[in-house]
Amino acid sequence: MKLKYYGTAAAEGFPGIFCECEYCKRARSLGGKNLRSRSQALVDGKLLIDFPPDTLYHVYSFGLPLHKIKNVIITHRHADHLYDNDFIQRRETYAYFDGEEFPLCVYGSQPTIDQISSRLQKSGAAKQKRWELFELAPYETRRIGEHDVTPLKAKHDFTVYPYIYDISDSKKRMLYGNDTGVFPDETWDYLEKNRPFYDLVSLDCTAGIIEHDYDCHMNLRQACEVRLRMIDMGCAGKDSIFVVHHFSHNGGAVYDDFAPVAAEKGFLVSYDGMEVEF
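When the letters of the sequence shown are read in order and numbered with this note's numbering, they come out as residues 1 to 278.
Calculated cross-link-like contacts (lysine-lysine; reagent style DSBU-like; alpha-carbon spacing at most 35 Å):
| no. | residue 1 | residue 2 |
| --- | --- | --- |
| 1 | Lys172 | Lys46 |
| 2 | Lys68 | Lys2 |
| 3 | Lys68 | Lys153 |
| 4 | Lys153 | Lys238 |
| 5 | Lys153 | Lys172 |
| 6 | Lys172 | Lys238 |
| 7 | Lys122 | Lys46 |
| 8 | Lys70 | Lys122 |
| 9 | Lys2 | Lys193 |
| 10 | Lys2 | Lys70 |
Have a look at the derived ranges for each label pair, beta carbon to beta carbon:
| no. | residue 1 | residue 2 | range |
| --- | --- | --- | --- |
| 11 | Asp185 | Gly99 | 43 to 49 Å |
| 12 | Lys70 | Asp213 | 37 to 43 Å |
| 13 | Glu275 | Lys127 | 36 to 42 Å |
| 14 | Lys129 | Cys21 | 44 to 50 Å |
| 15 | Ile231 | Lys2 | 21 to 27 Å |
| 16 | Pro111 | Asp239 | 34 to 40 Å |
| 17 | Glu132 | Phe197 | 28 to 34 Å |
| 18 | Phe134 | Phe197 | 22 to 28 Å |
| 19 | Thr93 | Asp189 | 45 to 51 Å |
| 20 | Gly99 | Leu30 | 38 to 44 Å |
| 21 | Trp188 | Lys129 | 37 to 43 Å |
Read the hints as simulated data drawn from the structure, not as lab findings.
C-beta atoms are modelled at their ideal positions from N, C-alpha and C, and glycine is treated no differently.
Using the sequences and the accompanying hints, generate a full structural model.
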């Protein structure tokens, strides 16, 4: 499998668009991997995860092949993960197809699908049949294209029914787990009962190196605790790849400073444009 990170920041971006804190200033000065757009990823070049306001930037800067994507899974409806205004850019006269015309299939929790449906209805674009919307139920596996996808409940804003995603093909399996605190009991129970083995685990680290317990995000210490618990229960092993992802300037470190600290704990640090093959 291949996982490509197109965006790796939290809602405000990193550096924040209005911010002049020391970490944003340092990120601007250093450039490169220290500059982060809002989070988005692609599995095996086919399964897109999230649709942030920086999607167009990812098309321009990293060659995201959006015109070829048939399936999108959304973690939750917060605007940095679901910028539904851009979905209507797929409507007639806004988008022309060279070859096969196909609907964009979008999957997510009930509030997520309701929001997208409402946007398409209000724009008058829904009747064009260039989209298909599908609700996913927690802990129920669905075949999406070439992958089996199981949404697991996240510990985040519960009003939006947030998900993290278990994604597998015939050989490999990964967990994409940003925008969550330490997993809720239901998700730990699922993992304990089913014992899926993950070749790659991508975990939230919005709080970076700050020593504070967050309910809806994690810091590096909490990500380490999740990693150890997953290994102890047999859901990962010594060769499993662990990545920390989804960063904020409130986390107290830019990429250049954070990467060596995370490496000591057994983690890669995501950056915009990073690709991991496993």
